[in-house]
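Peer 1: Residue strings, one per chain:
There are 2 protein chains.
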Amino acid sequence: MTLQQAKELQSWVPIPNDSDFPLFNLPLGVFSRDGEAVSCGTRIGDTAIDLSALQQLGYFDAIDLPDDVFMQDTLNDFIALGKDIHRAWRKEMMVLFSADEGRLRDNEAHRVDALFNVREVEMMMPVFVQDYTDFYSSKEHATNVGIMFRGKENALMPNWLHIPVGYHGRASSIVVSGVDLHRPKGQQLPADADAPVYGPCKMMDFELEMAFITTEGKPLGHRIKVEEAEDYIFGMVVFNDWSARDIQKWEYVPLGPFLGKNFGSSISPWIVTLDALEIFRSNSPEQSPQPLPYLQGKKDATFDINLQVDIEPQGCEATTVCRSNFKYLYWSMAQQLAHHTVNGCNINAGDMMASGTISGPTEDSYGSMLELSWKGTKPLTMKDGSERKFLQDNDTVIMKAHCEQDGFRLGFGEVRSTILPAIND
Amino acid sequence: MTLQQAKELQSWVPIPNDSDFPLFNLPLGVFSRDGEAVSCGTRIGDTAIDLSALQQLGYFDAIDLPDDVFMQDTLNDFIALGKDIHRAWRKEMMVLFSADEGRLRDNEAHRVDALFNVREVEMMMPVFVQDYTDFYSSKEHATNVGIMFRGKENALMPNWLHIPVGYHGRASSIVVSGVDLHRPKGQQLPADADAPVYGPCKMMDFELEMAFITTEGKPLGHRIKVEEAEDYIFGMVVFNDWSARDIQKWEYVPLGPFLGKNFGSSISPWIVTLDALEIFRSNSPEQSPQPLPYLQGKKDATFDINLQVDIEPQGCEATTVCRSNFKYLYWSMAQQLAHHTVNGCNINAGDMMASGTISGPTEDSYGSMLELSWKGTKPLTMKDGSERKFLQDNDTVIMKAHCEQDGFRLGFGEVRSTILPAIND
Chain A
1 MTLQQAKELQ SWVPIPNDSD FPLFNLPLGV FSRDGEAVSC GTRIGDTAID
51 LSALQQLGYF DAIDLPDDVF MQDTLNDFIA LGKDIHRAWR KEMMVLFSAD
101 EGRLRDNEAH RVDALFNVRE VEMMMPVFVQ DYTDFYSSKE HATNVGIMFR
151 GKENALMPNW LHIPVGYHGR ASSIVVSGVD LHRPKGQQLP ADADAPVYGP
201 CKMMDFELEM AFITTEGKPL GHRIKVEEAE DYIFGMVVFN DWSARDIQKW
251 EYVPLGPFLG KNFGSSISPW IVTLDALEIF RSNSPEQSPQ PLPYLQGKKD
301 ATFDINLQVD IEPQGCEATT VCRSNFKYLY WSMAQQLAHH TVNGCNINAG
351 DMMASGTISG PTEDSYGSML ELSWKGTKPL TMKDGSERKF LQDNDTVIMK
401 AHCEQDGFRL GFGEVRSTIL PAIND
Chain B
1 MTLQQAKELQ SWVPIPNDSD FPLFNLPLGV FSRDGEAVSC GTRIGDTAID
51 LSALQQLGYF DAIDLPDDVF MQDTLNDFIA LGKDIHRAWR KEMMVLFSAD
101 EGRLRDNEAH RVDALFNVRE VEMMMPVFVQ DYTDFYSSKE HATNVGIMFR
151 GKENALMPNW LHIPVGYHGR ASSIVVSGVD LHRPKGQQLP ADADAPVYGP
201 CKMMDFELEM AFITTEGKPL GHRIKVEEAE DYIFGMVVFN DWSARDIQKW
251 EYVPLGPFLG KNFGSSISPW IVTLDALEIF RSNSPEQSPQ PLPYLQGKKD
301 ATFDINLQVD IEPQGCEATT VCRSNFKYLY WSMAQQLAHH TVNGCNINAG
351 DMMASGTISG PTEDSYGSML ELSWKGTKPL TMKDGSERKF LQDNDTVIMK
401 AHCEQDGFRL GFGEVRSTIL PAIND
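Residue numbers (my numbering), protein chains in the order written: chain A, 1 to 425; chain B, 1 to 425.
To be clear, the hints were calculated from the coordinates, so they are not data collected in a lab.
None of these values were measured; they are calculated from a predicted model.
Among these hints, one or two may not hold up.
If several chains are the same, the list does not tell them apart, and a pair holds so long as it fits within one copy or across any two.
As the list claims (entries may be wrong) - Capping the alpha-carbon separation at 25 Å, the derived lysine-lysine pairs in PhoX-like fashion look like this:
hint, residue 1, residue 2
1, Lys139, Lys249
2, Lys249, Lys152
3, Lys400, Lys298
4, Lys202, Lys225
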């Protein structure tokens with residue numbers, strides 16, 4: 001489908017003008033009503049749609065779906081069915097909700113069963129994540145951090161231009177938008193001190209990232225080639241890779257970040273499929289030196305996705321502190337996944353792979369407080385006049401992502417979470 | 001129970017003299033028969049015991065167990081029940097299988113249903129691992145690697161004596177003993193080269209480790225204190241942290257090991273509980289400087305477990321290349337777990353946390369080929385006269401672990417896996 005065709009797709013469900021969720025989007029999520037009744041769902045405009053209800057009402061009879069696939073508290077089973085089924089479902093949904101299709105539109109009893117205002121549902125973690133990987137694929141971010149910690153000459157490590165550098169993160173502490181997190185405690189080495197101290201993190205930061213969710217992969221020992229990698233990517237979410245900079249700095253040599261990260265990561269609740277993003281495909285940056293053959297993929301391997309980070313101090317209006325774009329990333333998702341599996345590492349449906357901080361070329365496009373305040377030397381001013389080098393207790397961080405072209409918008413909604421004071425235990 | 005009492009515990013199940021599995025052990029595992037009929041089980045001598053069969057026959061009626069808890073293909077549900085239930089089960093088993101208890105001993109029909117020769121069953125992964133962490137807790141290993149890569153003066157990183165350094169690993173590629181792995185491929189930087197090359201790993205290594213498996217933890221944001229940490233540890237296995245040294249060396253700066261490790265890790269199939277290991281408790285090494293208060297635990301925080309690594313070239317007798325001991329580790333499991341959760345990171349039943357390579361003070365106690373062959377400068381001689389700097393294709397690595405005191409032995413069996421040639425895809 002072209003951008004023009006997507007734009008012309010009208011639904012009988014009302015869609016506000018600035019909505020991230022036109023009929024062409026059809027993101028997947030999991031929600032509950034009244035704290036019970038959990039099911040898989042999608043969203044059109046401000047309407048949350050219960051897919052298990054639609055299936056029980058017979059609307060998916062033409063698709064080869066297991067009876068209970070949407071009656072789950074995660075999308076893993078649906079994701080594991082593979083792209084042919086995902087596409088058959090998507091096609092069916094576009095017909096069922098198109099403006100001139102009356103089957104559901106004109107059946108009030110069915111609509112009452114399956115359609116809800118998004119304000120009436122509570123979004124939950126959309127997938128069970130067995131394994132979570134975080135990449136480090138923004139050249140601007142890696143360079144900025146390198147300059148701060150090692151100086152201009154050694155900013156980029158020798159491997160960085162050859163490898164989509166990544167590391168394993170903690171899956172158990174990934175939470176959905178709306179779940180607030182406590183400021184972590186841990187060891188930090190104060191400036192000029194000989195020995196570490198213990199206490200609440202003093203350099204609390206976010207990292208603006210996106211993550212992709214994989215489908216079922218290949219058996220252990222087999223690789224996913226770069227040219228087939230997108231077939232194994234179900235969709236994407238916005239990802240806040242919370243970072244405790246002082247804890248991270250003291251612990252990370254030589255085995256990488258650990259407690260500076262694993263107290264929590266936050267994701268947006270709706271998974272936007274690659275099929276929905278297809279019309280916003282974009283070229284990746286030129287790669288020089290040319291990567292090794294197993295990493296050489298197509299040029300238009302990324303997507304034009306606008307990103308924004310707001311900080312909302314308690315009781316105060318939000319201030320936008322960063323505007324960036326997913327297409328700035330040096331390494332594509334296909335390259336990341338090809339690299340991840342080139343040694344035979346297996347992947348599963350529901351695995352999450354985050355991009356690394358997405359910083360752009362300008363100072364207002366840096367994707368972390370570390371870079372925005374340049375290690376605390378350039379505080380940011382909030383709308384209430386207060387300053388931020390890093391995050392304060394009760395600050396809420398909101399990340400948003402959307403694509404827009406020729407007046408047609410499609411997006412992810414947001415991931416929002418508040419940093420609560422450290423627990424005193 | 002004391003060592004003497006454990007020793008006196010006789011069973012009506014025959015137990016060979018050198019067996020790792022006296023009645024006092026009662027390790028937990030999962031096995032299948034005829035490639036089907038999967039269930040949770042334990043082992044006495046060379047007898048595998050089907051626990052779901054015993055439960056269905058009514059032998060656990062006095063314990064508050066869910067009906068299907070042993071009819072699972074993992075032990076996660078049983079582990080999540082908590083230590084009180086584990087101990088009630090253990091007590092019941094010790095009675096049921098003690099020499100003078102006739103209920104099962106004298107019921108042939110029941111014995112046929114529940115008892116099998118271990119050669120008739122196939123051991124499977126005992127737990128579903130959502131999250132896997134690898135520590136780096138042997139001072140000897142960290143020092144050896146530090147000397148090789150950074151010289152004697154900078155051998156230990158400044159944080160090492162303050163932090164049980166650890167990092168996240170890949171859970172999906174942990175496999176049980178008997179599953180062979182293919183030599184991984186990936187990027188390596190040849191000596192004196194400017195650019196990396198791609199191909200099969202040339203420095204294939206093992207790492208002798210043990211891992212503990214956690215019970216259900218606390219909610220996100222709350223920590224497990226060092227003095228309560230052992231309550232959250234279910235048991236232990238032997239762990240081979242396969243390592244592709246050339247891939248690891250080129251990729252690991254600055255975010256840690258990734259493809260050099262995540263192609264596979266191998267574990268022994270029987271989880272030995274801390275309750276069984278209790279009688280082999282031992283003091284950890286002195287810690288200087290004293291760690292921060294949140295890491296200060298009891299002195300006897302470790303266990304005296306003999307470890308051994310054999311290499312078996314194809315068609316040749318095995319050669320023992322390393323003898324070490326779990327008690328050499330500088331940081332205890334309780335300290336590792338207290339540190340892991342001090343920032344509020346949550347854990348789940350079935351999480352796996354490996355120790356890091358367990359090297360001892362002498363050259364024949366080093367737990368990796370990297371150290372044993374000192375970076376390839378001192379090849380090891382096999383019994384067939386061939387030499388090894390690192391592992392060759394079709395080499396089998398066998399790791400064994402057992403405790404022994406006053407003639408009483410209790411152990412883990414082994415983890416055995418062969419390195420097959422790289423797959424040409």
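Peer 1: Look at each hint and say if it fits the structure.
Peer 2: Now the hints, each set against the structure:
1. Lys139 / Lys249: For lysine 139 and lysine 249, both the intra-copy (20 Å) and inter-copy (21 Å) Cα distances are at most 25 Å.
2. Lys249 / Lys152: both (19 Å within a copy, 23 Å between copies)
3. Lys400 / Lys298: So lysine 400 and lysine 298 fail the 25 Å test inside a copy (27 Å) and across (48 Å) alike.
4. Lys202 / Lys225: between (43 Å within a copy, 22 Å between copies)
The structure does not agree with numbered hint 3 stated previously, though it agrees with all others.
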